[in-house]
Amino acid sequence: MKRYDLIVIGAGPAGLSAAIEAAKCGMKPVVFDENAKPGGQLFKQIHKFFGSKEHRAKIRGFKIGDDLLKEAEEYGVEVVLNATVIGLYPEKEVTVKIGDEVKHFKGDAILAATGASENMVTFKGWTKPGVIGAGAAQTMMNLHHVMPGQRVLMLGTGNVGLVVSYQLLQAGCEVAALVDAAPRVGGYGVHASKVSRCGVPFYLSHTIMEAEGDEYVTGVTIAEVDDKFQFIPGTEKHFDVDTICVAVGLSPMSQLLAQAGCKMLDTPGGYIPECDEFGQTSIDGIFAAGDVSSIEEASSAMIEGRIAGVSIAAAAGYLTEEERKEQCGALESALGSLRKGMFAPENRGKILKETEEGIEISTNLLAKGYVAEDEITRYPGFVKKAGVHPVMECTQNIPCNPCQDACPKGCITIGENITSLPVVDVEKDCIGCGMCVASCSGQAIFLIDEEYEEGYASVTMPYEFLPLPEKGDTGTALDRSGKEVCLAEVVSVKSAKAFDHTNLLTIKVPKDMADKARFFQR
Amino acid sequence: MGRIAEHPILGKAPEKDTVTFIFDGKEMEGKEGEPIAAALKAAGVMVHRYTKKKHEPRGIFCAIGRCTDCVMIVDGQPNVRTCITPLKEGMKVQTQYGVTAKEEGKGAGL
Amino acid sequence: MISVDDKLKEIGKYIPQPDDDMLVCRCEEVTKGEIRQAVHAGMFTIEEIRRFLRCGMGLCQGQTCGKLVKGIVARELKVSPAELEPAVSRAPMRPMEMEILGRDGGDK
Chain H
1 MKRYDLIVIG AGPAGLSAAI EAAKCGMKPV VFDENAKPGG QLFKQIHKFF
51 GSKEHRAKIR GFKIGDDLLK EAEEYGVEVV LNATVIGLYP EKEVTVKIGD
101 EVKHFKGDAI LAATGASENM VTFKGWTKPG VIGAGAAQTM MNLHHVMPGQ
151 RVLMLGTGNV GLVVSYQLLQ AGCEVAALVD AAPRVGGYGV HASKVSRCGV
201 PFYLSHTIME AEGDEYVTGV TIAEVDDKFQ FIPGTEKHFD VDTICVAVGL
251 SPMSQLLAQA GCKMLDTPGG YIPECDEFGQ TSIDGIFAAG DVSSIEEASS
301 AMIEGRIAGV SIAAAAGYLT EEERKEQCGA LESALGSLRK GMFAPENRGK
351 ILKETEEGIE ISTNLLAKGY VAEDEITRYP GFVKKAGVHP VMECTQNIPC
401 NPCQDACPKG CITIGENITS LPVVDVEKDC IGCGMCVASC SGQAIFLIDE
451 EYEEGYASVT MPYEFLPLPE KGDTGTALDR SGKEVCLAEV VSVKSAKAFD
501 HTNLLTIKVP KDMADKARFF QR
Chain U
1001 MGRIAEHPIL GKAPEKDTVT FIFDGKEMEG KEGEPIAAAL KAAGVMVHRY
1051 TKKKHEPRGI FCAIGRCTDC VMIVDGQPNV RTCITPLKEG MKVQTQYGVT
1101 AKEEGKGAGL
Chain F
2001 MISVDDKLKE IGKYIPQPDD DMLVCRCEEV TKGEIRQAVH AGMFTIEEIR
2051 RFLRCGMGLC QGQTCGKLVK GIVARELKVS PAELEPAVSR APMRPMEMEI
2101 LGRDGGDK
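Each protein sequence line maps, in turn, to chains H, U and F.
If you count by the working numbering, then the first sequence holds residues 1 to 522, one letter each, in order.
If you count by the working numbering, then the second sequence holds residues 1001 to 1110, one letter each, in order.
If you count by the working numbering, then the third sequence holds residues 2001 to 2108, one letter each, in order.
Hints are computed from structural coordinates only; laboratory data are not their basis.
C-beta atoms are modelled at their ideal positions from N, C-alpha and C, and glycine is treated no differently.
Some hints could be false.
Listed next, with one range per pair, are the computed distances between beta-carbon atoms [to be verified]:
1. Lys-350(H) / Glu-2010(F): 31 to 39 Å
2. Ser-333(H) / Glu-2010(F): 49 to 57 Å
3. Thr-1018(U) / Lys-384(H): 52 to 60 Å
4. Pro-408(H) / Thr-1020(U): 26 to 34 Å
5. Gly-2102(F) / Val-121(H): 45 to 53 Å
6. Met-2098(F) / Asp-1075(U): 17 to 25 Å
7. Thr-1100(U) / Gly-2102(F): 21 to 29 Å
8. Glu-174(H) / Gly-2102(F): 46 to 54 Å
9. Glu-2010(F) / Gly-199(H): 50 to 58 Å
10. Tyr-2014(F) / Lys-2(H): 24 to 32 Å
11. Ala-372(H) / Gln-2017(F): 37 to 45 Å
12. Lys-350(H) / Gln-1077(U): 21 to 29 Å
13. Gln-1077(U) / His-2040(F): 52 to 60 Å
14. Gly-336(H) / Glu-2047(F): 34 to 42 Å
Calculated pairs, DSSO-like style, for lysine-lysine (alpha carbon to alpha carbon, straight line, at most 27 Å) [claimed, not checked]:
15. Lys-2009(F) / Lys-124(H)
16. Lys-263(H) / Lys-2032(F)
17. Lys-2009(F) / Lys-1053(U)
18. Lys-2032(F) / Lys-1052(U)
Assemble the whole structure, with the sequences as input and the hints as a guide.
Here's what the structure looks like:
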């Protein structure tokens, strides 16, 4: 039987990161993946990631995937594709289906980085063709360049539901509504806001009653639910859609670890292995990293993978205890900062009333998907001054700070604490370069100039849709809720390599619309 | 449905050769190497199979080879996951009824 | 975890619900009503229900319905899903042809 220093199961962000770290230390790891291509779900992530520089913030997921593959190649990580691990045994042996054969391998260490699977909810007609997972929609549009549907209803307002809704709009699909049985939007407010201002209505405390259609989905009926999640008669709403996307959370795919006999924990977040801080399970030499050990963002999975890789190399004698401590220490602090803020694991399920700064949370954002006009003024990113200046509609404490480095004039401060709300310094002179607008992964920064022309203001917004409007185009300005508020004229369209496909669209609107207009529609 | 010719982030769809395949006796076109399911989706085909017990239609659900709802009969072999099986020139793809290709089996309790 | 003694637990009569015909296990086409009835017939563990109804034993191996089935059984037993032992994980973890599995000679 062939033996390896380290066998990694799953070539996603966690698995590849672990293998890279182990290989850097001189180990010869192998990575088995059942798919035809490596990278796990990273290549479907076309949005800019959150975090800070060390987390590769403001870089799009698929670019991070590309870099990870390059790094794996550089360090000689062996990745075996179309190789399905079908069994994991406590003797650190795996059985792998490769081609028409089952092969057995032994590893000095084994890392399970098998990721997660999508949760589902049942409703009448949920098995009909046209009801798909949100991941399936991402796969179809972002990997295979095929539209998942013409008109889509999204169930679930967690980050997956919000991000995929936006991606559907980018792919040219219409999103009829975003629906969630919970009374509050589950994902980042900035993700919700960018969908909302495109005119997609949010229905919180609503869920699907029925997917309609004989052979496949032709429509859907949703209805409001009470606090016991029972339908309230008379609240039904119908939408003509051809596709229903379900994004109601993920569950760790921990079956292999359970099979091996690792001690498992049944948590609200899923059935997970009990791990120590380095990712080692209850079985010596069997590790877990990434979503299989707890559902988080891909950025966290990559760091967890690296910690496991370093720990495995140290345990095998490739690193001294001192080297391990030094490397793990840096990684753990990076991971720690990603786990801060309102969406930190410790805050799951909690209802927060105010931000870390003591500012009242926007209730409209949680209930409708956008910050109300009378709420936005209380945040430190919202300022008024003469001349062009940034207005930052970032109202929740999330671990993200590329905006403060983006501004060459120092107008924006987040400070030491990565989750602090950005503060705009009105004393500093904004030059209107728009670097902050393009750097914001949440697309929450606008440049406003209330003195653009006599009686007119200009609003510069991030714009990631096709066809790109041109200077001179006229259309309608939409407010944060997606409602048409006034006529608008495009006065500038800027695209630059440094913006990485986030175009800066500047529209001219009547002066009193400067605080309202947030999107442009031809 | 249809294809996304140009995407604001991903740019133009990569150029791939067009291939012809047979879906339930009809000639159809798709891109070489894309999943069979993607070609069917682009062509507007929603139903991949009818279930064994209740004879209900099913189509793409997870699109990454896990749920097995999109299985069809490909070149005579049943239970092929079309979402992860690359399309090739001349492939014969058939709607699956239970585990067979025979439409007359529908309702006969396969 | 559910023990043998719990089998004596009184969970009340099976009362049909309007959505009993809802499919839960997509692969083996098992409905919510069938699962609820199985619990009322005395099957209090996921393992028993799985063997009896085959839910979670189809091509996808319970990837989609595992959590749903657990939720339904827990509700019938009036316990939290975490109190129910999940179905046993066994190799092969993915569907594969018997022909290939049968040729597996083990450690050669």
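Results for each hint:
{"no.": "1", "hint": "Lys-350(H) / Glu-2010(F): 31 to 39 Å", "result": "holds (36 Å)"}
{"no.": "2", "hint": "Ser-333(H) / Glu-2010(F): 49 to 57 Å", "result": "holds (54 Å)"}
{"no.": "3", "hint": "Thr-1018(U) / Lys-384(H): 52 to 60 Å", "result": "holds (56 Å)"}
{"no.": "4", "hint": "Pro-408(H) / Thr-1020(U): 26 to 34 Å", "result": "violated (55 Å)"}
{"no.": "5", "hint": "Gly-2102(F) / Val-121(H): 45 to 53 Å", "result": "violated (38 Å)"}
{"no.": "6", "hint": "Met-2098(F) / Asp-1075(U): 17 to 25 Å", "result": "holds (20 Å)"}
{"no.": "7", "hint": "Thr-1100(U) / Gly-2102(F): 21 to 29 Å", "result": "holds (23 Å)"}
{"no.": "8", "hint": "Glu-174(H) / Gly-2102(F): 46 to 54 Å", "result": "holds (50 Å)"}
{"no.": "9", "hint": "Glu-2010(F) / Gly-199(H): 50 to 58 Å", "result": "holds (54 Å)"}
{"no.": "10", "hint": "Tyr-2014(F) / Lys-2(H): 24 to 32 Å", "result": "violated (54 Å)"}
{"no.": "11", "hint": "Ala-372(H) / Gln-2017(F): 37 to 45 Å", "result": "holds (40 Å)"}
{"no.": "12", "hint": "Lys-350(H) / Gln-1077(U): 21 to 29 Å", "result": "violated (51 Å)"}
{"no.": "13", "hint": "Gln-1077(U) / His-2040(F): 52 to 60 Å", "result": "violated (41 Å)"}
{"no.": "14", "hint": "Gly-336(H) / Glu-2047(F): 34 to 42 Å", "result": "holds (40 Å)"}
{"no.": "15", "hint": "Lys-2009(F) / Lys-124(H)", "result": "violated (32 Å)"}
{"no.": "16", "hint": "Lys-263(H) / Lys-2032(F)", "result": "violated (30 Å)"}
{"no.": "17", "hint": "Lys-2009(F) / Lys-1053(U)", "result": "violated (34 Å)"}
{"no.": "18", "hint": "Lys-2032(F) / Lys-1052(U)", "result": "holds (18 Å)"}
The structure fails hints 4, 5, 10, 12, 13, 15, 16, 17 (numbered hints given earlier, in ascending order).
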